[in-house]
Amino acid sequence: MTLNLKNLTIESAHAMLVNKEITVRDLVFAYLDNAEKQNTDIFAFIEFFDKHSDFEKRISDAQNMIDSGNSHLLTGIPYGIKDNILSQGHIASAGSHMLENYTASYNATVIEKLNTVGAICIGRTNMDDAAMGSSTESSYYGPTKNPFDTSRVPGGSSGGSAAAVAADMCLFALGTDTGGSVRQPAAFCGVVGMYPTYGSVSRYGAIAMGSSLDQVGPFAKNIRDEQIVYEAIAGYDEMDSTSISESKRAELRTEPIKKVIGIPRKLLEMDGIAREVKKNFEESLEQLKKVGYEIRDIELPNVHLALAAYYIIVPAEVSSNLARYDGIKYGYSDREGNLLDSYLKTRHVGFGVEPRRRILLGTYVLSAGYYDAFYNKATKVREVIKRDFKKVFDSGVDVILTPTAPTTAFKFGEKADPLSMYLADIFTINANLTHMPAISIPSGIDSNGLPFGIQFIADQCREDILFTIGADFAK
Amino acid sequence: MTDADIKNLAHLARIEITDEEVQKFKSDIEPILAYVAQINDVQIDDVHPEYMTKNLMRPDIADSADTTEHDLVLKNAPDAQDGFYKVPKIL
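Taken in sequence, the protein lines are chains W and F. Residue 321 in our numbering sits at position 321 of the first sequence, with consecutive numbering throughout. Residue 528 in our numbering sits at position 53 of the second sequence, with consecutive numbering throughout.
Hints are computed from structural coordinates only; laboratory data are not their basis. Just so you know, even glycine gets a beta-carbon here, dropped at the ideal spot from N, CA and C. Treat the hints loosely; a few may be bogus.
Distance condition first, Cα-Cα at most 20 Å in a straight line; then the derived SDA-like pairs of lysine to any residue [what the hints assert, rightly or not]:
id, chain 1, residue 1, chain 2, residue 2
1, W, K113, W, E11
2, W, K390, F, T528
3, W, K57, W, D26
4, F, K550, W, S333
5, W, K259, W, I295
6, F, K561, W, Y102
7, W, K415, F, K501
8, F, K550, W, Y106
9, F, K501, W, H348
10, F, K529, W, Y236
11, W, K279, W, D297
12, F, K499, W, P418
13, W, K345, F, E496
14, W, K345, F, D494
15, W, K475, W, S284
Residues on chain W that point at chain F, a partial pick, calculated with CB under 7 Å [what the hints assert, rightly or not]:
id, residue
16, T242
17, L305
18, A308
19, I312
20, Y343
21, R357
22, E383
23, V384
24, P418
Looking at chain F on its own, in the form it has when it is part of the complex (with noise of 0.2 Å):
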C-alpha cells in the first residue's frame, strides 16, 4: 500500500488526510489487511448466505403529525431556515 492509495481512499470517503496521518493510517492498516488477507488463500465453495432475518417494507405513509419531532429534528441542523435545511451553494 502506498502513500497515494492511502489518500485515495481518505477522498473516497470524503476525509481530508495530513501527511503525518498518512504515514500513521498506512502503518496501522498494513498489518490489519495482512491479518485479514488470510481468508484470501482459503477454498470455500460457492455457498450463499442465507439469512433467517429479510428485510422487510413497511408502507411509506407518514402517519405523524408531530411537531415536535419535527422541530427536534431541524434543532439538531446546522443551518436551518423557515423549517428547512439550509445547505451549502453546489452550483
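The following block holds chain W by itself, in its conformation from the complex (with noise of 0.2 Å):
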C-alpha cells in the first residue's frame, strides 16, 4: 500500500499500526524509501541505520509489542537523531571530522528511552561542526538544503533533523539546542522544535558544547507530536548531574494558565529584524487575541546584553568542553612527533574553522586578567536577565512571545562573517540563558514561500502552558 506521509502525524500513524491497517514494516520503510530518495538532494542524513544487523530485530520487537497490545504512541514509529546524541554501536561524529569514525559505546538516556518505547531510528541526521552554527553549512560531510528551497539554509545547528522531519523522511527527529539550534532550524523548515527546561531532558549521552545551556530538545509536524515526543524523553536522570527532581517539577507547575501573553516591545525594535518577520509577528498576536489571550506589553530591561553574555559564556564552555579532544582516547589522532606535537597537529586538523575560533576566543575571555571581565561579568549578566524574566512571569503573564529569528530561511554563503550569524541567534538564546523552556511553532509563509516561526519562552518547567498555547495558536 502507499503510504501519504505528508498527512501522517505520530497519533494518526499509531492509530493505523494498532488497527493493522498497516505493519511496523511498512510504516519504517515507506519512510525510508522517501528519506533515501530525498536524501540526495536534501542531504538530511549522513547515514541510514537500515543495514545496521539490528535493524530487523527493532521492527519485529516494536510489532511485537503492537501485537500484543503493550504499544506507547512511539511503538514503530520511524525518527532521526541529530550526530552529537549516542546509540549504542553506531558512529556519533558531531558533524566533525575529529569524530569521523566514533562509534558510540552506550546510548544516551533519550535513546534509551525511546528504545524502550519501540519507536524506530533510520538514521544519524547532519549538523553543523560540533554543533557550532546556524545554518548547518559548517558540516564536514556539506551543508544540508532547506526542502522549502533548496538554495537556502535549512537553519542550524540541528538543521538535518529540522530537514528531515519537513521533507517527511521520518515522523520526528531529536536535536540539541544551546541557543537556538533546535528552534531556530524548525522555524526554517517550517515544523515544530523546542528546548526544553533545562535539566527536564537528560543530557546522558548527547555530545557536549554549551554544558550549562545545552539541552535535547525534538523536531515534530505538530503541536501533539511535539508533546508526545517530549514526554517520552523528560524526566530525572541520575547520570545527567543537573537534572531535575520529578517532585521539583510538580511543585513548579502548580500555577494555572491565565491566558497572558507578554510582548517585549523594545527587543522587537532592535536591528536587523526583516520587517516581513515584523508584520507576521502582529498577525500572530491578532490570532491569539481572537482565541481569548491579553496581550500586555512587558520589560526585560537588560536582554539587550544577552547575546554578548551568551557569545562569552559559550566560547567559554566550549574552550573547556572541547579539551578532551587530545587524540589519545578517541577521535581524529595523529601520532607525529612528541605528545605536544601531537597535541597541537591533531586539535589543528581534527578542529574545524568555527570551534577553533571558538576555543581561542573561550581561552581568551577564561585567561588570567581577563576572566572577571568577561566571563565572570557574563555569569552576573545572565543572572539579571533571568530575574528580569521571572519577575514578568511572577507578574501574571503565562508566555513571552517573539518571533523565532530576525529573518526566514537566508541562502548559502550570506552569512560569512562570525558575528553576522551569531545575531540570527538573538531571540532564542534567552531561553538557554535563563533555563526556560520554549517552542517555535510554524506561523506562515513570507513572499518568497518560506516559514516563519513564533516562539513562546515560558517560565521553568511549564512545557505543559507551552502545549496549551502552542495549540490554541494552531487552530
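Now that you have both chains on their own, put them together as the hints suggest.
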C-alpha cells in the first residue's frame, strides 16, 4: 500500500498500526524509501541505520509490542537523531572530522527511553561542525538544504533533523539546542521544535558543547506530536548531574494558566529584524487575541546584553569541553612527533574553523586578567536577565512571545562573517541563558514561500503551558 | 590584539596555527570581542547566580560488568594493547 506521508502524524500512524491497517515494517520502509530518495538533494541524513545488524530485530520487536497490545504512541514510529546523540554501536560524529569514526559505546538516556517504547531510529542527521553554527553549512560532510528552497539553508545547528521532518523523511527527530539550534531550524523548515527546561531532559550521551545551556529537544510536525516526544524523553536521570527531580518539577507546575501573553516591545525594535517577520508577528498576535488571550507589553531591561553574555559563556564552555579531544582516547589522532606535537596537530586538523575560533575566544575570556571582565561579568548579566524574566512571569504572564528568528531562511554563503551569524540567535538565546523552556511554531509563509516561526517562552518547567497555548495558536 | 596574543591563545589551547590562520582568527575575533565587551561598561550589583539545578553526585560504584561497552570504548582508541590505551611516550 502507498502511504500519504504528508498527512501522517505520530498519532494517526499509531492508530493505523494498532488497527492493523499497516505493519511497523510498512511504516518504517515507507519513510526510509522516501528519505533515501530525498537525501540526494536535501542531505538531511549523514547515514541510514537500515543496514545495521539489529535493525530488523527492532522492527519485529516493535511489531510484537503492537500485536500484544503493549504499545506506546511511539512504538514503531521512525525517527532521526542528530549526529551528536549517542546510540550504541553507531557512529556519532557531531558533524565533525574529529569524530568521523567515533562509535558510541553506550546509549544516550533519550535513546534508551525511545528504545524502551519501541521507536525506530532510521539514521543520524546532519549538523554544523560540533554543533557550532546556525545554518548547517559548516558540517564536515557538506551542507543540508532547506526543503522549501534548496538554495537556502535549513538553519542550524540541527538543520538535518529539521529538514528530515519537513521533507517527510521521518515522523520526528531529535536535535540539541544550546542557543537556538532546535528552534531556529524548526522555524526555517516550517516544523515545531523546542528547548525544554534545562535539566528536564537528560544530557547523558549528548556530546557536550555548552554544558550550562545544552538540552536535547524534539522536532515534530505539530504540537501534539511534539508533546508526545517530549514526554517520552523527559524525566529525572541520575546520569545527568544537573537533572531536575520529579518532585521539583511537580512543585513548579501548580500555577494555573491565566491566558496572558507578554510582548517585549523593545527587543522587537532592534536592528536586523526583517519587516516581513515583524508583520507576521503582529498577525500572530491578532490570532492569539481571537482565541481569547490578553496581550500585554512587558519590559526586559537587560535583554539587550544577552547576546554579548551568551557569546562569552559559550566559547568559555566550549574551550573547556573540547579540551577532551586530545587524540589519545578517541577521535582523530595524529601521532607524529612528541606528545605536544601530537596534541597540536590532532587539534589543528580535527577541529573545524568555528570550533577553533570559539576555543581561542574561550581561552581568552577565561584567562587570568580577563576572567573578571568577561566570563565573571557575563555570568552576572545572565543572572540579571533571568531575574527580569522571572519578574515578568511572577506578574501574571504565562508566556513571552517573540519571532523565533529575525529573518526567514537565508541563502547559502549569505552570512560569511561569524558575528552576523551570531546575530541570528538574538531571540532564542534567552531561553538557554535563563533555563526556561521555549517552543517554535510555524506561523505562516513569507513572500518567497519560506516559513515563519513564532517563539513562546514559559517559566521553568512550564512546558505544559507551551503545549496548551501552542495548540490554541495552531487552531 | 596582536599576532603574538593569537599565537599564545592557540598554544594555551594546544592547537597548531599557521601564520595565515593567525591573521584570519585575529580579524574574526577582534569584532567579536569588541561586541561582547559592551558588558564591561554596564554596572551590575553584586548578584550571585542561583541555579535551580545543582550538581548532584551519585556514588562511584562500577555497576557494569558489560564487556561490550569496554570493547567498544577501546575500539575507538587510536592505539590500544591488551585491553589498555597505548599512549605516546612522555619521558
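For each hint, the structure was consulted:
With a CA separation close to 19 Å, the supplied pair K113 of chain W and E11 of chain W stays within the 20 Å bound. With a C-alpha separation of about 16 Å, the suggested pairing of K390 of chain W with T528 of chain F holds against the 20 Å cut-off. Distance restraint check for K57 of chain W and D26 of chain W: the Cα-Cα separation of roughly 15 Å lies within the 20 Å cut-off, and the hinted pair is therefore satisfied. A hinted pair counts as satisfied when its Cα atoms are at most 20 Å apart, and K550 of chain F with S333 of chain W qualifies at roughly 14 Å.
Only pairs whose Cα atoms come within 20 Å are accepted, and K259 of chain W paired with I295 of chain W is accepted, the gap being roughly 9 Å. A hinted pair counts as satisfied when its Cα atoms are at most 20 Å apart, and K561 of chain F with Y102 of chain W qualifies at roughly 17 Å. A distance of roughly 18 Å separates the Cα atoms of K415 of chain W and K501 of chain F; the hinted pair therefore holds under the 20 Å criterion. Our distance criterion of 20 Å between C-alpha atoms is met by K550 of chain F and Y106 of chain W, whose separation comes to about 13 Å.
As the CA atoms of K501 of chain F and H348 of chain W are separated by approximately 16 Å, the hinted pair is consistent with the 20 Å bound. A distance of roughly 13 Å separates the Cα atoms of K529 of chain F and Y236 of chain W; the hinted pair therefore holds under the 20 Å criterion. Between the alpha carbons of K279 of chain W and D297 of chain W the distance comes to roughly 17 Å, so the proposed pair stays at or under 20 Å and holds. For the hint pairing K499 of chain F with P418 of chain W, the CA-to-CA distance comes to about 12 Å; that is within 20 Å, so the pair holds.
For the hint linking K345 of chain W to E496 of chain F, the alpha-carbon distance of about 14 Å falls within 20 Å, and the restraint holds. Proposed proximity of K345 of chain W and D494 of chain F is supported: the alpha carbons are some 15 Å apart, at most 20 Å. The straight-line distance between the Cα atoms of K475 of chain W and S284 of chain W is roughly 12 Å, inside the 20 Å bound, and the hint therefore holds. Because the smallest distance between the Cβ of T242 of chain W and any Cβ of chain F comes to about 4 Å, under 7 Å, the interface hint for this residue holds.
With a cut of 7 Å, the hint placing L305 of chain W at the interface with chain F holds, because the nearest CB-to-CB distance is about 6 Å. Here the hint on A308 of chain W is kept, as its CB sits about 4 Å from the closest CB of chain F, short of 7 Å. For I312 of chain W, the suggested interface contact is upheld, since its CB lies about 5 Å from the closest CB of chain F, less than 7 Å. Restraint check, Y343 of chain W versus chain F: the minimum CB separation of about 4 Å is within 7 Å; hint holds.
Below 7 Å, beta-carbon pairs count as interface contacts, and R357 of chain W has one with chain F at about 6 Å; its hint therefore holds. Using the Cβ-Cβ criterion of 7 Å, the hint placing E383 of chain W at the interface with chain F is satisfied: the shortest such distance is roughly 4 Å. The criterion of a C-beta within 7 Å of any C-beta in chain F is met by V384 of chain W, whose closest approach is roughly 6 Å, and the hint holds. Taken as an interface hint, P418 of chain W checks out: its beta carbon lies about 6 Å from the nearest beta carbon of chain F, inside 7 Å.
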